[in-house]
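Novice: Residue numbers (the working numbering), protein chains in the order written: chain A, 5 to 749; chain B, 5 to 749.
Quick caveat, the hints were computed from the structure, so don't treat them as lab data. Possibly wrong hints are sitting among the right ones.
A pair counts as met if it fits within one copy or between any two copies, since identical chains are not told apart.
Derived DSS-like pairs: lysine-lysine, alpha-carbon spacing no greater than 30 Å straight-line [what the hints assert, rightly or not]:
id : residue 1 : residue 2
1  : K237      : K308
2  : K448      : K594
3  : K107      : K508
2 protein chains.
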Amino acid sequence: MLMLPNMYKIAGELTPTVFHVAARSLAAQGLSIFGDHQDVMAARTTGFAMLSSATVQEAHDLALVAHAATLQSRVPFMHFFDGFRTSHEVNKIVRLSDDTLRKLVDDKHILAHLERSLNPNNPVIRGTAQNPDTYFQGRESVNSYYQAVPIIVQQKMDELAAETGRQYRLFDTFGDPEADTLIISMGSGSSTIRETVEWLNANRDGRYGGIVVRLYRPFCFEAFLNAVPRSVKRIAVLDRTKEPGSNGEPLYQDVVTTLAQALTDGRIDDMPLVTGGRYGLSSKEFTPAMVKAILDDLGGEAPKRRFTVGIKDDITHLSLDYDPSFNIEKDNVVRAMFYGLGADGTVGANKNSIKIIGADPDRYGQAYFVYDSKKSGAQTVSHLRFGPEPIDAPYLLQSANFIGCHQFEFVYSSDLLSKAADGATLLLNSPYEPDAVWDQLPEKLQQQIADKRIQLFTIDAYRVAREAGMGRRINTIMQVCFFKLAGVMDTDAAIGEIKKAIEKTYGKKGREIVERNFAAVDAALAYLHEVPVDPSRLSSIGDKPVVPEIAPIFVRDVTAEMMAGRGDELPVSKLPVDGTYPSATSQWEKRSIAQFIPEWIEDNCIQCGNCSFVCPHAAIRAKFCHEEDLAGAPEGFQYMWISARGFPEMRYVLQVYPDDCTGCNLCVDACPVRETDESGNEVRALRLVDKEPILEQQRANLDWFEKLEWNKRSEIDFSNVRGVQFLQPLFEFSGACSGCGETPY
Amino acid sequence: MLMLPNMYKIAGELTPTVFHVAARSLAAQGLSIFGDHQDVMAARTTGFAMLSSATVQEAHDLALVAHAATLQSRVPFMHFFDGFRTSHEVNKIVRLSDDTLRKLVDDKHILAHLERSLNPNNPVIRGTAQNPDTYFQGRESVNSYYQAVPIIVQQKMDELAAETGRQYRLFDTFGDPEADTLIISMGSGSSTIRETVEWLNANRDGRYGGIVVRLYRPFCFEAFLNAVPRSVKRIAVLDRTKEPGSNGEPLYQDVVTTLAQALTDGRIDDMPLVTGGRYGLSSKEFTPAMVKAILDDLGGEAPKRRFTVGIKDDITHLSLDYDPSFNIEKDNVVRAMFYGLGADGTVGANKNSIKIIGADPDRYGQAYFVYDSKKSGAQTVSHLRFGPEPIDAPYLLQSANFIGCHQFEFVYSSDLLSKAADGATLLLNSPYEPDAVWDQLPEKLQQQIADKRIQLFTIDAYRVAREAGMGRRINTIMQVCFFKLAGVMDTDAAIGEIKKAIEKTYGKKGREIVERNFAAVDAALAYLHEVPVDPSRLSSIGDKPVVPEIAPIFVRDVTAEMMAGRGDELPVSKLPVDGTYPSATSQWEKRSIAQFIPEWIEDNCIQCGNCSFVCPHAAIRAKFCHEEDLAGAPEGFQYMWISARGFPEMRYVLQVYPDDCTGCNLCVDACPVRETDESGNEVRALRLVDKEPILEQQRANLDWFEKLEWNKRSEIDFSNVRGVQFLQPLFEFSGACSGCGETPY
Ligand code: SF4
Ligand code: SF4
Ligand code: SF4
Ligand code: SF4
């Protein structure tokens, strides 16, 4: 955004330039780092040419086209593709050779570019001030350069096709050449549309088509008109952006304008019905089911002139309903989902799996990794596809035939099987013996397993890792089980490749580490067991409630749904219109992401308050109270005589919030008590310990601690660190990842 | 531009806001501070509502509507009007009363606004981060607020009408209610269109109409459709902006989209032919002649689908030809033009004249002041209209019946009578006796006077001022003559008002100054004489060439035309496509704006180089040369023995560039020679003197000085100020005004 003024100048001065943009949302009611076209659309006024790539391969190919075209045309380019969706997608692509690069870029244009650079030997002036007498003429002097761009871009695309066989056009038409119904779009969504349209044409006798826009600016009237099948009666134009107050989103306006011009010119006989929709804002999923909803609406009695898809708009009712069960995932594609923790190596192992599988020239792979809102320490879900053909399905798995759950807790908190296909495989990393696993599962999951005839497997990967001397590193172990169960390639061959990767990664760290990894890999399959499924024996274990009943309504209705991963289903009416949220809601989000938390050794504590002061999350706090207030406290509740003269009846309490602490260790580092006792042992007042064993005790302690009143400001000396720490913290539980404390406030 | 990211947030958070914007050009191939809609159009993506005012009165009225509407709707507003054209126009308007302000703004909306402010007693969070799960829903949650805006704005406009009688609509239609041809536009250009359309309908049997857009965002489909007469067959949409590569400028796209939707909905039967044009970029004039050209083209066989108007585009041939002689200035309007120098008080006197005339409730006045590109010291042309009805003609005078030329030199450099009506009055401030004036005029001007039957008057205003003890202050003197000759009101009454103004301005400075001014006013008419016109006696004096023959081609073809005030006529092909200009052209622009220039007293000079060092315009320079190089120098050429041992044959020369110096006095201030001789006189090496008496001598000296070679870098010690000053300056003659040195480099 802040480049916009410069972009006007770059374009005005006809300076060959390419900006490669992973297009993203703009901060409006809230900030979002995810993907849509709002940022590039905000720059469409600048005079930059705009070239859009829909897939990872295209982003690679059209990057070259953009560079070649800008050098020849002198018009600067924005080459953009969907942020996160395309920019963070792992896919197998064909790389362009240096020869191809050289063929498309003419040296003479590079030379001409260099000759235009500022040079004291041949001085010129740029960036002058112009007055009413000449500015307008100057602004019009570039017209012919813009007229040439579409021709040059198509020429470069043709040259690329000659080199690589991959043919692109300014506007590419797909589907039925005699289509009566068309969807026009730009970016990754086009691939979803193409896939769906082709499926519906093949399986449901559809007469559907689509156009994917590649060169959006300059918008070429002729090329667009040539791309529209003459048979078309109805068109939906999709924009991945929103401009409130506009008379239709940008691409929609461009399409309607062009068609209306064509009608006036007699180039078409009738004006097709054109609707315009918004989709995919901020990386909102765009699936075949939504494409079908658009086509169904368009084929109906009264198509919605303006619509949204992918959300439920229960206020202005613009949204189209769609059937989430509509699924066109291909049978010859292995679709695997993995639930892991941010730091447990799941994502890394998955990337490695893709490499292994993709190395086979007849196998293709794609992966997409969904991170929780909180950067680290939280859940990541990997979506992997493998198949015999290039994979161009730019949306998350709609139907998985393999689900790996790498942390057992997720059986209680995540709807692991919501996307599971009938007969899919579920692999659980569980601490229980194979015959004990079933009874530990919540009833709802058991029911799903039975209904969907899921094959259930288990492995105690942490045990395997431990026994192989690998601590808590379970990623390769789970990877081996995946290869065994998913049947995507020969298991032995896969294990060979996994070992090669281990060699490469750990080779330098010494033979021993490599051997330990090898041992874990070799042991993995021995610990992999099928779990007998017994639908007659249900556990009656319920799901964990996300927030307690006593949480405020907004938290229960909105925040909790987001925490439970059901934010997508929140209707528009549940969201604040102006991005104003109630405060103090993060206390309800018990993320419990720490594996280790600090333990207070009260006898050693000098009550300095440093620990509480440095905690970026307000997860360790101090209070003082009267000894009477401790009557009835849980057994094991920790406290000390307060170190202040004249208050013999007062007690000092330091309490860790065990489910909010991120285990960052800052408090332990900050604690000044560092002595060595007679036996040479370190004496500390805080130390990091395994959370699990003390969790229940600390939770009980916390309950009591929270009942203690906050100390009154009038009773506190806040001229020192210790005193300030008795105040109620007004910013708490930031949601940042452990350690960095980013975004605490 | 740099506010854009914030504007997205302000809109996203539904914060009532009004930006009042004097809309301006954006820097592209060159920077321009003048007016068009590029900046506000760049912000149309942000979600701000956009309200456009076409006149000074509207800017006043709709400012209130914007504030009232934003408070009620919560949608922020950009209220914009044409930069310079409207923002710098002087016109007589009716002021809104505080009562009206109170009636339109409801206290409860102000209160609600205040209650939404951040407040520690009722904390909320705004500006959070949102993820794919909820951002899209949040973005859609504002829809109903935008739907309400057009209704609220119209309601506020109606309330304003009830209070003031001035009725505005979201889209105001004018001209023939059964129009077949329509021009749609926004901003001040609409007034020109209305005036022309009404004139053509009345005088040429036109069936023309127009729509002026007031609420541009949110764009109201219904209101727009209701504003379009059903009879319309052809429409031209005008945009005062340019977005290279777009499929039509923004308003054009909006109109076409709306009509195409209406066609599909069966709301209209046929799609009208719609063309789109750009006009008025960077305050390019937009006149009735151009409106007529648009209507003529639209009525022709093959209207240009996309066009420009106001320039000559000889490359892409988009421009419409127009007949500059087409003129619809009203006979009952006095149209007066004044040519003055930036600092000679002409503009101030004109503003005062408007006040005097406008004080009469039945008289209206308008003024527009055209400043030369260089801020000060250069020509200003005032365009004034006075008449019995409110004046809404937002373009410069097309036909003047009074022309005042306040500096005699302009008869040689300016085409004073190009806009003169037949029988108009020309008043010259001239140093010549009435019967000598005629023979001093250039032949071309004499011919124009004869052809247009101009009445010629003269006054030696500088003499009147001198004799009244007012130095060079001629403004009130010329003002008196204007009132006498223009007949816009009773001369005696006007003189009474002028004297009142003098009292007010100078009263505090003492009676004497007031009396001197009174004397000048009283004397003025005695020195005003009609000049006998004798077409049989032509002077054969030619126009001064703007630049010498030896100037480079670009300077002669382009720069000189701009300097001569003919830049508007330069066709597109003459302008560099990328804003790249040859350097070292300012040396050809001899502005000669200084009244005083430094004189070098060589005998006192210590050759320190300070003067040359501080000059922001490189207008005083030093060279050294061999005594032989001075053989043949003009008599009076100034030089000194160089103050350096061992070079007895070398001479030091310091030369002022008399036509480039701005008279800023910096060099004189910087000269360290400040002594007092025996007789108590100040001894200086530089002093500021009247330019006129020494101009010819100094020009001759400069000619010789320029022939002296630049001193070679190898012969110069540039470790000190003096040495550096022998180098050729690479930045010279900045074009800045005197003194400030703004934009020298
Ligand atoms: S480990 Fe980090 S998050 Fe936990 S209490 Fe200590 S400082 Fe706070
Ligand atoms: S930093 Fe250590 S000594 Fe200080 S209050 Fe915390 S635990 Fe006690
Ligand atoms: S008066 Fe100013 S512009 Fe003129 S020569 Fe001196 S410093 Fe330069
Ligand atoms: S500043 Fe004065 S003394 Fe120095 S060179 Fe200039 S005129 Fe001479």
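Novice: Now, for every hint given, state plainly whether the structure supports it.
Specialist: Status of each hint after checking the structure:
1. K237 x K308: For K237 and K308, both the intra-copy (15 Å) and inter-copy (29 Å) Cα distances are at most 30 Å.
2. K448 x K594: Answer is within: at 22 Å inside a copy they meet the 30 Å cutoff, but 90 Å across does not.
3. K107 x K508: neither (36 Å within a copy, 78 Å between copies)
Comparing the model with each earlier hint shows a violation of hint 3 alone; every other hint is respected.
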